[in-house]
Amino acid sequence: MSADIADLVASLAAAAGPDEQIEAYASRGSSTEVRVWRGQVEHFVSAASEGVGVRVVSGGRTGFAYAGTLEADAVAEVLAEARENVAYGTADPDAGVAEPDGVEPVDIELWSDELDRFATADKIELALELERMVLAMDPRIRVDDANYIDGGGEMAVATSTGIVRHRRGNSCHVSVSTLADDGDETQTGFGYSIGDHPGEFDLEWAAREAVERATRLLGAEKPPSERTTVIFDPFVTAQLLSIIGSTLNGEAVVRGRSLFADRVGDIIASELVTLIDDPTDVRAYTATDVDGEGLATRRNVLVDAGRLDHFVQSTYSARRAGVVSTGNGVRGGYSSTPGTGCLALQLVPGARSRDDLIADVDHGVLVQSLSGVHSGVNTVSGDVSVGATGMTIRNGALATPVREFTVASTIQRLLTDVVEVGGDIEWLPSRAAGVSLVVRDVSVSGTS
Amino acid sequence: MIDGDVLERVLSTATRRGAAFAEVFAEDRRSTGFSFDEGRVDQVTSGRDRGAGVRVVVGDTTGYAHTADLSEASLVAAAEAAAEAAGMGDGAARVIALDGDGPRRHPVGEVRIDPRSIPKDARVDLLRAADDAARAYNPQVVQVSAGVADSRRRILVANTDGLHATDEVTRVLFRVNVVADADGGKQTGYQSMGRTTGWEAFDEYDVAAMGSDAARQAVVKLRARPAPTGAMPVVIARGTGGVLFHEACGHGLEADHIAKDASVYAGRMGELVASELVTLVDNGSMAGEWGALGIDDEGHPTQHNVLIQDGILVDYMWDHLRARDAGRAPSGNGRRESYDCLPMVRMTNTYVLAGPHDPDEIVAATDHGVYIAELGGGSVNTATGDFVFGMREAYLIENGQITEPLREGNLIGNGPQVLADIDMLADDFAMGSPGTCGKDGQGVPVGDGQPTLRVSSMTVGGTAA
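Respectively, the protein sequence lines represent chains A and B.
Per the numbering used here, the very first residue in the first sequence carries number 1; after that it's consecutive.
Per the numbering used here, the very first residue in the second sequence carries number 449; after that it's consecutive.
Because the hints were derived from the structure by calculation, they are not lab data.
Note that the structure is predicted; figures quoted are calculated from it, not measured.
No more than 20 Å apart at the CA atoms, straight line, and that leaves these computed lysine to any residue pairs for SDA-like:
hint: 1; chain 1: A; residue 1: 222; chain 2: B; residue 2: 912
hint: 2; chain 1: B; residue 1: 708; chain 2: A; residue 2: 135
hint: 3; chain 1: B; residue 1: 887; chain 2: A; residue 2: 190
hint: 4; chain 1: B; residue 1: 708; chain 2: A; residue 2: 39
hint: 5; chain 1: A; residue 1: 222; chain 2: B; residue 2: 678
hint: 6; chain 1: B; residue 1: 708; chain 2: B; residue 2: 775
hint: 7; chain 1: B; residue 1: 568; chain 2: A; residue 2: 59
hint: 8; chain 1: A; residue 1: 222; chain 2: A; residue 2: 400
hint: 9; chain 1: B; residue 1: 887; chain 2: A; residue 2: 149
hint: 10; chain 1: A; residue 1: 123; chain 2: B; residue 2: 532
hint: 11; chain 1: B; residue 1: 708; chain 2: A; residue 2: 42
hint: 12; chain 1: B; residue 1: 887; chain 2: A; residue 2: 430
hint: 13; chain 1: B; residue 1: 708; chain 2: A; residue 2: 37
hint: 14; chain 1: B; residue 1: 708; chain 2: A; residue 2: 132
hint: 15; chain 1: B; residue 1: 887; chain 2: A; residue 2: 429
hint: 16; chain 1: B; residue 1: 708; chain 2: A; residue 2: 40
hint: 17; chain 1: B; residue 1: 887; chain 2: A; residue 2: 147
hint: 18; chain 1: B; residue 1: 887; chain 2: A; residue 2: 32
hint: 19; chain 1: B; residue 1: 887; chain 2: A; residue 2: 144
hint: 20; chain 1: B; residue 1: 887; chain 2: A; residue 2: 175
hint: 21; chain 1: A; residue 1: 222; chain 2: B; residue 2: 904
hint: 22; chain 1: B; residue 1: 568; chain 2: B; residue 2: 478
hint: 23; chain 1: B; residue 1: 568; chain 2: A; residue 2: 87
hint: 24; chain 1: B; residue 1: 887; chain 2: A; residue 2: 373
hint: 25; chain 1: B; residue 1: 708; chain 2: A; residue 2: 147
Residues on chain A that point at chain B, a partial pick, calculated with CB under 8 Å:
hint: 26; residue: 44
hint: 27; residue: 65
hint: 28; residue: 68
hint: 29; residue: 69
hint: 30; residue: 85
hint: 31; residue: 88
hint: 32; residue: 90
hint: 33; residue: 187
hint: 34; residue: 188
hint: 35; residue: 387
hint: 36; residue: 405
hint: 37; residue: 409
Here are the computed distance ranges between Cβ atoms for each label pair:
hint: 38; chain 1: A; residue 1: 309; chain 2: B; residue 2: 565; range: 46 to 54 Å
hint: 39; chain 1: B; residue 1: 468; chain 2: A; residue 2: 283; range: 39 to 47 Å
hint: 40; chain 1: B; residue 1: 632; chain 2: A; residue 2: 362; range: 29 to 37 Å
Every residue gets a Cβ at the ideal spot worked out from N, C-alpha and C, and that includes glycine.
Same shape as in the complex, but just chain B (with noise of 0.2 Å):
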């Protein structure tokens, strides 16, 4: 994208003021998405984005300036500006030197059918088929819509630190809805796939499996009854709860959030702060899952990261700067949404790993409680700990049996007190579907997984008496 010379003397640029870093972080990005609704591809698009931004760092400040245009003379334009808002001083320029011969790469799976190699009609069949799964269903269905999308995003980091390194990332994501409806009003089913990888994502999942589920999701909802209120135990099914995790505690071992004492999870290192059964692992490099990445959007390579193990916390997720202020090496989470975006600490694939229990005795074990069969997304307020998830699809267990559907709500624990109270953890991991995690208004594709669990008690927020 950027000759190495040009970015020696960019970076040279910023450091002009007296910085301590300067980073060029540059993406070009091409996506393709259709939509399909009401029988019928509603909307083809495709896109383009394509710019740099340059970071400067002086002190405890940081200037960020970005640019569309990748030529030398914008890219100077952007540093200087960078600088500018970074500080006053007055230093004199460093002389950059990037290590190697070319940008490094550290790639994390491989891409063997290439999306841009599939013809546009191959993609309308996939929606069609989905459709026509989700329709044949149930006379109930409604209304379906899906969307296939593909998008390459190739990126390129260069720092003074002389670290310089590109990537270059593939996914694919498949959607559908479904809208059933009844005497008694309309209910909403949804199942969704993404990959990174290439289009043999399609050998994988079958489309139209998807598109029956979220008919039979829809249709299930339909007799549901309103969900209970106040404290309850809480089973959640396999490779569906790993937003709890994320929400409970993922958002609060970032160290950004730590280096503020603006999380519950801050001086507590070395200490229990999770049942016992609970290994929490946030890993960039697993190929293939939605939050997979070579290297993150500050040039390091992800990693396998354990965050707690057996309960006991044992690391937080770092970027560049948070690693840099605790000397230490960053462990692959500074990420961004695009190049208009400054880096945070941000997740990946972030999952508990297996337990000792079998899932049917862990269900059977409960008396009277809620069993979420799919979660949905979810929230923290990391400084509190408070945090609440949504349940998708759920249902009443009843004397150990689960029984009648309930309608949909949110859930809502503190995140120590709710990591403590997981007293099931099942041998069943499986990952999760897609999800996109918010931060300060940025957007990045994370995963997540873990077994079948149950927490001894949760705040269900539903309306029956």
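So here's chain A without its partners, still in its complex pose (with noise of 0.2 Å):
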């Protein structure tokens, strides 16, 4: 190993004069990426990579320079490039880095050795079973592409106001894209598992996911215009949770981009809507002891049984509300300043298998997939309305399969009309956990 990252970011952010402030920020890790098809690897990806960021905040004023090195000579010119780019901003009274608040970071391990040690020849065979396990399941299948992924490293903070963080993690996952064929007609499905280590993969449900999901799809049509209920499945729950969670952040409402601003305390779900942001949570995939500007992340109750309790902060967003951060300043990488988020989203599951869901409904859709998520949802307006596939709900049970319609609502009445939340709940490789979610009166745009 070359320099240490903790050292290095110390060292830049004590290079601060007097009037000005300096927040360093750097990271190294390296990943892995097998793709198999047809029993041969099709890529193999072996990647490497490191950067430093530098932001500097004098008189109110911001600049940021970064390098996709650790040269020294390059995160010299970091340095002065992030001073240069002071001139140009415009003084902000609340702009400043991190201030240490006395919290500490919860001690949760992110750093798995079983992960770090697994061999190369290990990661493509466990692509290669997935592939097998989804072929034999059933003789309709085709598999687009089977992958095993993993990525490590660690990352290191330092402010000039006395805050040094040093964490490291690893993670994986596998997953697999599956073809259904019946005759001319095809249709699509996935799978997944993540762990730990891959000792904690479940190949066996991936594989299941991705040949139900693209099978029960096989002779799908478009269903009737209709206001109806909805059951989204966990993994759809999990995209729509992203969603919400952006609504809740401190700085969309500082700058008048939220439709929650001036809700805190309001009824703004249904009573059975809780939900938490919790990167300590160590089964969430996500999970992380410090955020993006060198503070410890925590457990924020967001929603609680339906009442707006507070919003996500980062440092900035706080301050210009007059509160203290939530430990949610989350970055991109070594390439962007921190911005305001959600780290780790989860609602506070029910009691209810999905089968139980469906016995109680008489007539609606469970939607498995979406799309157009990011055209199609407004953050700011709140409107929503995306594609989705999945099955009709009819007498209680799973009907004929669905597909090339929409869902809308608006963000609003979703939260409000939700019936249910089931006790499915599933652990994705995304920065929201999923459950079974009913919710009533929703739209559904297909034929006339």
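Since each chain sits alone in its own frame, please combine them into the complex, following the hints.
Have a look at this one:
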């Protein structure tokens, strides 16, 4: 190992002059992506990356620069550029780096030695095994790709206000995309499994999901347009939670872009909805003990039995709102400054299985996939309209497959129209956990 | 970036396990971005990314490794890692000789005003002009954010076929986002401009007009009513609906999906796959456009590729490996987001040529439907052909007239069906605004364009009864 990145960021932060604040962030990591197809490795990508980003705040003005390397010359240039960029910012009295807040990071282990030691040949074999399992389950199935993906590394952040944090972590998952054919018709599905290390994967479950998601859609048609009860499956609910989470963002609130501004303390959702952002829960794929600004992460109950309790905050949004950071400074890596956002969302699950939820619905639709989430959701106005596939529900049972339709509502109404939260929480390779969710009075648009 | 003799030695190392093909891709990218929010310069960012990736192909297996360090030792290490990843065979390293005396260039367009020569203050002036114009448009405008960015990307590609090519592409981008607020809630407006040119783009585009147009869009939507549900005719304004073709057939014509029989267009060459009105082109050599590039990220010159001619499927888009497997020349569509990614078949500038109709006639001929003045993004499942795209600004058409504004939402359709259902195509072709196309986690800049057109039936994803 070359330079210690904790030392590197600490020395950058220590370079701050009397009239400036400095935050330095550095990361170094590696990842593996294995894709197999028809029993052979299609590609094997072995990636290593590192970089540094420096934020300088002086007189309320902010400058930032980054470089995708940790070479000493480049690091010095980054600091100089960030300082130069300060001159062009406009003074903002709330700008600044994080301050130590006395909250210690929770003691959670995010590193698996077992994953770190996992051999290359075994990674390939896992992907091949997943492909074989899928193909053996149903003669109508083809595999588009089967993948093993892992990544690991370390990050360090330091500020001239006295924060120095270092963490390391690694993660892995497998995924498979499937095609089911029947005559001229093709439908698609997917499956995945996550674990702290590959020994925790459930390949059988991943394969079965991928097969069933594709084959159950064979013969699908457009449903009639109507307002009806919809059950979102766990994978779909996780996507919806990410959208909802982005509206509970303190920065959007102070910048006048949140539809829930001024609603703290109000009932904004069904009393069945308790929404928590908890990156300290090690079951979450995105669990972390430190946020992008170097503060300890914490468990935040954002919506408590339907009542909006508080927004997630970074240092900047908190200062503007006159509150404290909730440890929700997020960053996409060394090349961007910290923003504000949810880290690991979950809905408090209910008690019943998905089959029990379906059994209670006389007439409705089970939605198993969404499309166009980025183009059909406006988190400022709250409008939601997304493409979907799934199954109709008739008299308490799944009936016929449906595709090429949209489901539409608003974020506000989706929250208040929740009828039940399932007990089937699923941990996904995403920033939100999934659970079945029953919502009434959703607009389904299909035929006429 | 890297000397020819170093490249030859790295490629030779990459073939030591018997590779049929190996390639070095190097990239040096510098970018500057200014963001403006709430009436002030929010952030000024500059960045540099530089590195190289080595790809090794043994049989049907590709190995890839990359490094941020362009020294010969690091490149050789990446070559060894890629060779190991690609396969376990043993072979003698081949001697590689690159063509020519130095890398070939195929510049597309020219950069008249280097963005690096523009003072940072001038960028702030542009942002302020857009902000002022948006706020002056209407007192219901409550928030404005804007951004201006430029990048210069130099690439170098060398491979075991002797190919040795380089390119330098400069891009400038401007965007403005507006929030308007009224008793009924908040609405948003957005305008953007992206050119593969130098700063001279701002001679052509008026940023104040973009600011007021984004404000107009947000304010209009304050009185929007819920969009209808169900299937109906849809008219799409010129220069905004290229994303329709990008999703309805563009992705489905990428040769990697075809090779896996994961596209509704596989096996349909020479067949009628669209209305006879439709001629679809992908053209990376279109100077100035957002998806323009001199060579693709495998070193092949970009070119004008006709994909659908008068409704008949005539070609797919190709990268190096798919073209090799098919025994044909690549089409300049092998692209990657950056040096740490494998190339894939990607679109560049994708557009539909003008048709015979008058745009006003198209609206007048539509009794009841939706008029889309501006589309948002979209996505497609190439295997089923089902695709969606968003409408950022849309209106109801009633009795041949454009009437009430509609709230946002997606439309959904099936690619081959929608292409067949294009029943009117106008003579008013225009290119659209800059886009970023995502595929397998990689984003690349793309352009699109089309004339005003009508689809006789698409499903509109609204909430109105």
